[in-house]
Amino acid sequence: MYAALWRVLPGPIWVRIILVVILVLAVLAVLATWVYPWIDGILNSQEATVGGA
Amino acid sequence: MCPQSDDPTASVPDGLEPAEAHSDSYVTTEPSETVVIDAVAPELTSRPRRRRRTQSGQVTVVGVLGELLITAGALVLLFLGWQLWWNDMMMANAQSDAASQISQDWIAAAPTTPEPEPIVDSTQPSAAPVLADYGAPVVGAVPANATAFAVLYVPRFGADYHRSIAEGTGHDVLNSNRLGIGHYAETQMPGEVGNFAVAAHRSAFGGAMHLINELQLGDAIYVQTADGYYTYRYRDTEYVAPSQVQVLASVPNNPVGTAVDRIITLTSCNPLYSTAERIIAYGVLESWQPLSAGAPAELAPIIAAQG
Numbered sequence: 002m003y004a005a006l007w008r009v010l011p012g013p014i015w016v017r018i019i020l021v022v023i024l025v026l027a028v029l030a031v032l033a034t035w036v037y038p039w040i041d042g043i044l045n046s047q048e049a050t051v052g053g054a
Numbered sequence: 023m024c025p026q027s028d029d030p031t032a033s034v035p036d037g038l039e040p041a042e043a044h045s046d047s048y049v050t051t052e053p054s055e056t057v058v059i060d061a062v063a064p065e066l067t068s069r070p071r072r073r074r075r076t077q078s079g080q081v082t083v084v085g086v087l088g089e090l091l092i093t094a095g096a097l098v099l100l101f102l103g104w105q106l107w108w109n110d111m112m113m114a115n116a117q118s119d120a121a122s123q124i125s126q127d128w129i130a131a132a133p134t135t136p137e138p139e140p141i142v143d144s145t146q147p148s149a150a151p152v153l154a155d156y157g158a159p160v161v162g163a164v165p166a167n168a169t170a171f172a173v174l175y176v177p178r179f180g181a182d183y184h185r186s187i188a189e190g191t192g193h194d195v196l197n198s199n200r201l202g203i204g205h206y207a208e209t210q211m212p213g214e215v216g217n218f219a220v221a222a223h224r225s226a227f228g229g230a231m232h233l234i235n236e237l238q239l240g241d242a243i244y245v246q247t248a249d250g251y252y253t254y255r256y257r258d259t260e261y262v263a264p265s266q267v268q269v270l271a272s273v274p275n276n277p278v279g280t281a282v283d284r285i286i287t288l289t290s291c292n293p294l295y296s297t298a299e300r301i302i303a304y305g306v307l308e309s310w311q312p313l314s315a316g317a318p319a320e321l322a323p324i325i326a327a328q329g
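As they're listed, the protein sequences go chains A and B. Counting the first sequence from 1 gives a position; my numbering is that position plus 1. Counting the second sequence from 1 gives a position; my numbering is that position plus 22.
Chain B extracted, bound-state conformation (with noise of 0.2 Å):
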């Protein structure tokens, strides 16, 4: 656009105003012969500035080529935001609400009357506050594929936080709307000796182990199964190459060994947004309660909550 041509005043003379140029213009007086000239001047100037406009508009073949690429660039950007917040908020929501579901479908179908309050050994001098021994954890059965069977709670990754954990770890488990967190097949269950390892996205897709670098020993990672709670507590972290399956032994990192302890295992790719490594967290168990008996002091609010 061309300042000059378009202020149909520019060209007026000085000492008249605007106004009286444009009145003047259709009066045939002497003195506003230049004027009448003047004011059809813009109308003549016009059709330059018309045919620069047919040319900046014309369709060249580079510029259209210059739109598409811009367009492909912004597409891009917009997928990564797509894929790394809203599709992942979207999912993690789905994901909670999900697990939250099947938490509540259990506890509603177990038993009403709470089982016998366990004996506590008294003769035991209790430092620290005795926790009720259930006997040994209930191992549950080996569920069908991409089947949620446990709901796992995590305190710091948030009070809200619980993910169904289903079995096998294709992406029909851990990219799906629903369940979120896939259970190694090969790997033992929860409660039982050796190693519970499942894995979960650090982003997108519901980010399931999002801040899986924030535990601090002796967390508490909880499970929840149709039978029970599981209460392990986070030990040590390790970052492996993503070859490395060791790290589901069922004792970690040592495949001939015999397993003794109850591990879980928490697999997830590092650093964040990519998927260079792998990031491992371990835990122990530490006791088991049946869903009966109600939920460990620190995950009944946490329970409660998302009734």
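Looking at chain A on its own, in the form it has when it is part of the complex (with noise of 0.2 Å):
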């Protein structure tokens, strides 16, 4: 999978490393801004409260 995705990538090595580099930012961006928030209110994982209020 990753392999098949390294041979797709263009260009000389560093290019390469710049796209894959450019490309894992981009996925970590798109969780912490959409993803992980949303997974945050459906785990629910943090309670504080007496009672179950």
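Mixed in with the good hints there might be a few duds.
[As the list claims (entries may be wrong)] The following label-pair restraints were derived from C-beta to C-beta distances:
1. 99/B to 43/A: 16 to 26 Å
2. 18/A to 259/B: 33 to 43 Å
3. 208/B to 23/A: 23 to 33 Å
4. 268/B to 36/A: 36 to 46 Å
5. 96/B to 43/A: 17 to 27 Å
6. 27/A to 180/B: 31 to 41 Å
7. 306/B to 23/A: 53 to 63 Å
8. 19/A to 86/B: 20 to 30 Å
What the hints contain is simulated information worked out from the structure, not anything from laboratory work. Virtual Cβ for every residue (Gly too), placed ideally from N, Cα, C.
Each chain sits in its own coordinate frame; assemble them with the hints.
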């Protein structure tokens, strides 16, 4: 999967490395902005009240 | 990658320099005959190498599954990092800023002319510094749900610690970017006889009660409202089951008692990063003063610094 991605990327190795870094950062940004807040709301893992209020 | 087949000099007979072998490969003299074959050798050996690469690069179900599982593991770890560190920090800053704003607005709206200095009873011998007496604390009206009505200052949590207290303990308050601390609606208001009970997260969501276990006897817990400053002094901590609502009674743990004291109760989860128990910290009201009288001595620089 990742090997296939690496082969699909164009250019010499340093271009590919830059592209991979950009892709990883883009994925992290999407996760932190939309995905993780959404999961956080569903999980609701941190309760701080007594009586389950 | 196979090192032998990759190195063109590897199969050069002993005594021949690599450069020699390379240049000789285009010469058809007798001694170089073997060298020609050897120079071709890397291309020949590269054929099985290419075959191996296609094999390892083949997309197999197990291979993709393995990579997906590793990715999933990494994403879960990242989520924890995001929740407990990054988002916690972002929310703490946002909540702190919102609390500063509310506090500054109240101070700006407070009457500019200070109220007359309270009469200090000079007949009492004052071994300890006499606390100014502004009469019974003003008790504000109960606000609507998720409305910020107070700002909490606890110097033990850090000199720059300040968070809004809003009505209600739902997720709209505790998980909010601008609130963070929730007031149990069924409990009393700041300064009121009885129990002013609030809840906040210990970790994540800004972690307003992150250091609740560090409180020490007599630590100041300041509550600022549009009316004034309520100074509570930390008294004790207990650890209870999440179901133990008696801690919210107007006389904590005595639901049938008649309230005499003005108590503040901070609740959060315990242990840190777990929700198995609740940590409950109590304080008792020491004094009250209107906004126009200025902040208590210890709090004044903290208030000034947030402006």
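Kindly indicate which numbered hints from before are broken by the structure, ordering the numbers from low to high.
Violated hints (numbers, rising): 2 and 3; every other hint is consistent with the structure.
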